[in-house]
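Those protein sequences? They're chains A and B, same order as listed. According to our numbering, the stretch in the first sequence is residues 1 to 370, in order. According to our numbering, the stretch in the second sequence is residues 1 to 263, in order.
One should not assume that every hint holds.
Below, in silico cross-link-like pairs of lysine-lysine (DSS-like), each with a Cα-Cα straight-line distance of 27 Å or less [to be verified]:
id, chain 1, residue 1, chain 2, residue 2
1, A, K65, B, K142
2, A, K65, A, K13
3, A, K96, B, K142
4, A, K71, A, K44
5, B, K247, B, K224
6, B, K190, B, K259
The following residues of chain A were derived to be distant from chain B, with all beta-carbon distances above 12 Å [stated by the list, open to error]:
id, residue
7, L134
8, E192
9, L356
To give an idea of the chain B side of the interface with chain A (calculated C-beta under 7 Å), a few residues [stated by the list, open to error]:
id, residue
10, T101
11, A103
12, D123
13, A127
14, Y128
15, V131
16, M132
17, A137
18, G140
19, D164
20, A195
If you are wondering where the hints come from, they were derived from the structure by calculation, not from laboratory data. Fair warning: this is a prediction, and the values are worked out from it, not measured in the lab. Ideal Cβ positions, reconstructed from N, Cα and C, are used throughout, including at glycine.
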Amino acid sequence: MTSVATFTEEETKGDGLLLRFSGNLTLARLGRLPERLNEVNAQKLAVDLSDVGRMDTVGAWLIYKLIRDRKAELTGANDEQAALIEQVGNADVPVKVRPDRTNPFQRVLTQMGAATATAGTTMVGLLGFFGALLLSAWQLMKNPRRFRMNAVVQQFEVVGVHSLGIIGLMSFLVGIVIAQQGAVQLRQFGAEVFTINLVGRSAVKELGVLMTAIMVAGRSGSAFAAQIGSMKLAEEIDAMRTIGVSPMEALVMPRVLSTVLVMPLLAFYAALLAMLGGGIFVWADIGIPPITFIQRIREVVPMTDLWQALIKAPVFGLIIAMAGCFQGLQVEGNAESVGLRTTTAVVQGIFLVIVLDAVFAVFFTAIGWL
Amino acid sequence: MKGKGEPIIEVRGLKNSFGDQLVHEGLDLEVRRGEIFGVVGGSGTGKSVLMRSIIGLQRPDEGEVEVFGEPMLDREENEAKHIRRRWGILFQGGALFSTLTVAENVQVPIREYFPRIEGQLLDEIAAYKIVMTGLPAETGPKYPSELSGGMRKRAGIARALALDPELLFLDEPTAGLDPIGAAAFDQLIKDLRDALGLTVFLITHDLDTLYAICDRVAVLADHKVVAVGTIPELLALDHEWIQEYFKGPRGRAAATIAKDADR
Numbered sequence: 001m002t003s004v005a006t007f008t009e010e011e012t013k014g015d016g017l018l019l020r021f022s023g024n025l026t027l028a029r030l031g032r033l034p035e036r037l038n039e040v041n042a043q044k045l046a047v048d049l050s051d052v053g054r055m056d057t058v059g060a061w062l063i064y065k066l067i068r069d070r071k072a073e074l075t076g077a078n079d080e081q082a083a084l085i086e087q088v089g090n091a092d093v094p095v096k097v098r099p100d101r102t103n104p105f106q107r108v109l110t111q112m113g114a115a116t117a118t119a120g121t122t123m124v125g126l127l128g129f130f131g132a133l134l135l136s137a138w139q140l141m142k143n144p145r146r147f148r149m150n151a152v153v154q155q156f157e158v159v160g161v162h163s164l165g166i167i168g169l170m171s172f173l174v175g176i177v178i179a180q181q182g183a184v185q186l187r188q189f190g191a192e193v194f195t196i197n198l199v200g201r202s203a204v205k206e207l208g209v210l211m212t213a214i215m216v217a218g219r220s221g222s223a224f225a226a227q228i229g230s231m232k233l234a235e236e237i238d239a240m241r242t243i244g245v246s247p248m249e250a251l252v253m254p255r256v257l258s259t260v261l262v263m264p265l266l267a268f269y270a271a272l273l274a275m276l277g278g279g280i281f282v283w284a285d286i287g288i289p290p291i292t293f294i295q296r297i298r299e300v301v302p303m304t305d306l307w308q309a310l311i312k313a314p315v316f317g318l319i320i321a322m323a324g325c326f327q328g329l330q331v332e333g334n335a336e337s338v339g340l341r342t343t344t345a346v347v348q349g350i351f352l353v354i355v356l357d358a359v360f361a362v363f364f365t366a367i368g369w370l
Numbered sequence: 001m002k003g004k005g006e007p008i009i010e011v012r013g014l015k016n017s018f019g020d021q022l023v024h025e026g027l028d029l030e031v032r033r034g035e036i037f038g039v040v041g042g043s044g045t046g047k048s049v050l051m052r053s054i055i056g057l058q059r060p061d062e063g064e065v066e067v068f069g070e071p072m073l074d075r076e077e078n079e080a081k082h083i084r085r086r087w088g089i090l091f092q093g094g095a096l097f098s099t100l101t102v103a104e105n106v107q108v109p110i111r112e113y114f115p116r117i118e119g120q121l122l123d124e125i126a127a128y129k130i131v132m133t134g135l136p137a138e139t140g141p142k143y144p145s146e147l148s149g150g151m152r153k154r155a156g157i158a159r160a161l162a163l164d165p166e167l168l169f170l171d172e173p174t175a176g177l178d179p180i181g182a183a184a185f186d187q188l189i190k191d192l193r194d195a196l197g198l199t200v201f202l203i204t205h206d207l208d209t210l211y212a213i214c215d216r217v218a219v220l221a222d223h224k225v226v227a228v229g230t231i232p233e234l235l236a237l238d239h240e241w242i243q244e245y246f247k248g249p250r251g252r253a254a255a256t257i258a259k260d261a262d263r
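Whenever a hint applies, use it, and build me the whole structure from the sequences.
Okay, here's the thing in structure tokens:
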């Protein structure tokens, strides 16, 4: 029963060839049979199946191909085998396995075009989303009782309080790294004391708010997209609309508002922790005591640095929350789309934050907040 | 050839539980070669868990499972592979691999077990399997996301049949299909059984499927199989759930249709 499929060749009259098959004509026992069949060369073919054990559709297909392409004559097949060969024959329709490939140049060009179009529509969509958000804010102001305080407070906890640990640790470590790198370079000029300027100003003005924005985008922007996206898939958003609840008010507004409110607090906290890390390093490495460090910070970090951070932070929060919610609402079809949109939300959020940061830097320099 | 009617699946004393929740206890079941065997039961009676226990996706707490006369529990991965090669499974949603085309999906089991088969023959095998399950030829190069629910199930069957299995497991094959599609799917299962000599183990809620194609039906209730038999045999039993199931308005409607079809 376990014999490999094979065949012997017998000359018949009039340069014909009789293929006498034996063994099991099954997928598992095929061996080199397909190749050997291809090598058979004769004008007239006949096939004898009387010694064949079991046969499955693959075996039947090989026999069927001999009959179809080489006009082979079939003998010795029992009813079951004949039926199987007929079944397989009935299913003989050309089927493509893969979609047609376009040439690489054309494909790259198409992809570039599609990506550009997507970027354009996304930007327009985001702008439209911002408009819808303003409208819904206006509606809420006219009708303050519809405002969902509980949802805002809950998001506040998730976006803000729960991220204190990770943002604090990250800022603390970044503060140490800046102090350490700065000290090594400035020591060459004997200007180690300026490490304090470096830590203070970079932490307050740029790093605190930027690192926080990146962390919030990764933590909360992605969560917004995934939550709203899976709600969209489960038709929860549609259900909301039909009941008369605006998803903009119920889902988007609390998330955006809480992110906008919590970002300045987080940015300030991050700046403090970065200075703490820098201060500890400066104390341990250069020997400047904490009291002197604090005094120097107060002298060298102008108040405008803090204003800059506190002005930028809510704007970044708005961008991140909007990108997250917008992408979440764009989810369509299947779970794969949720993953895709979540990634896009984070990438878009961080990208826009950094672009805006550059714009802010130019702007603040222009108005003299050096 | 192995004879018809010998047991192909044997389950004895099966016990399954999730935490405190008992699903099966002392469950016995026997499926015979060549039959279409239906499993019915209310929601939460563990129909899917039973199937998952048989195919080795769920480890039972107690009991024995034999498929093709071989014990399935505590097998070495390599030995289990040889048994798995001999069955095909259709999951509820089709469970096609979303990054592959339908034809490539059908080729996956063949590539895995018989890497020697390649090139043109591999493509031809995928082609006739797809056509055999009643899908149009244009379906081959399409991705699962481009197909309707019914087509996805047919493609799932094509993949389950890739290795010419002796045994086919179907988890609610007609769920979510429209009545016309469901009837066509029933016919497909029957045709494939007759053409390829399959044994079919199928879980269903669909009374029409039971009447139309099942040779024997097992009823799951109270953590075990309370009855097995042909539908007339089950109807003769005095079990509350069975009576309610088959004699309820939907059961009666399905029975009428089945009678009309026989005439």
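Results of checking the hints against the structure:
1. A:K65 with B:K142: 26 Å, holds
2. A:K65 with A:K13: 23 Å, holds
3. A:K96 with B:K142: Holds. A:K96 to B:K142 sits at ~9 Å (cutoff 27 Å).
4. A:K71 with A:K44: 8 Å, holds
5. B:K247 with B:K224: 22 Å, holds
6. B:K190 with B:K259: 18 Å, holds
7. L134: 36 Å, holds
8. E192: 56 Å, holds
9. L356: At roughly 36 Å from the nearest Cβ of chain B, A:L356 sits farther out than 12 Å, so the non-interface label holds.
10. T101: Holds, because the Cβ-Cβ distance from B:T101 to chain A comes to roughly 6 Å (cut-off 7 Å).
11. A103: Holds: closest Cβ of chain A sits about 4 Å from B:A103, inside 7 Å.
12. D123: At about 5 Å, which falls below the 7 Å cut-off, the nearest Cβ of chain A leaves the hint on B:D123 intact, so it holds.
13. A127: Status holds, d = 4 Å.
14. Y128: Hint holds; B:Y128 Cβ to chain A Cβ min 4 Å, cut 7 Å.
15. V131: At about 4 Å, which falls below the 7 Å cut-off, the nearest Cβ of chain A leaves the hint on B:V131 intact, so it holds.
16. M132: Constraint on B:M132 satisfied, holds at 4 Å.
17. A137: 5 Å, holds
18. G140: 4 Å, holds
19. D164: 4 Å, holds
20. A195: 5 Å, holds
The earlier numbered hints are all upheld by this structure, with none contradicted.
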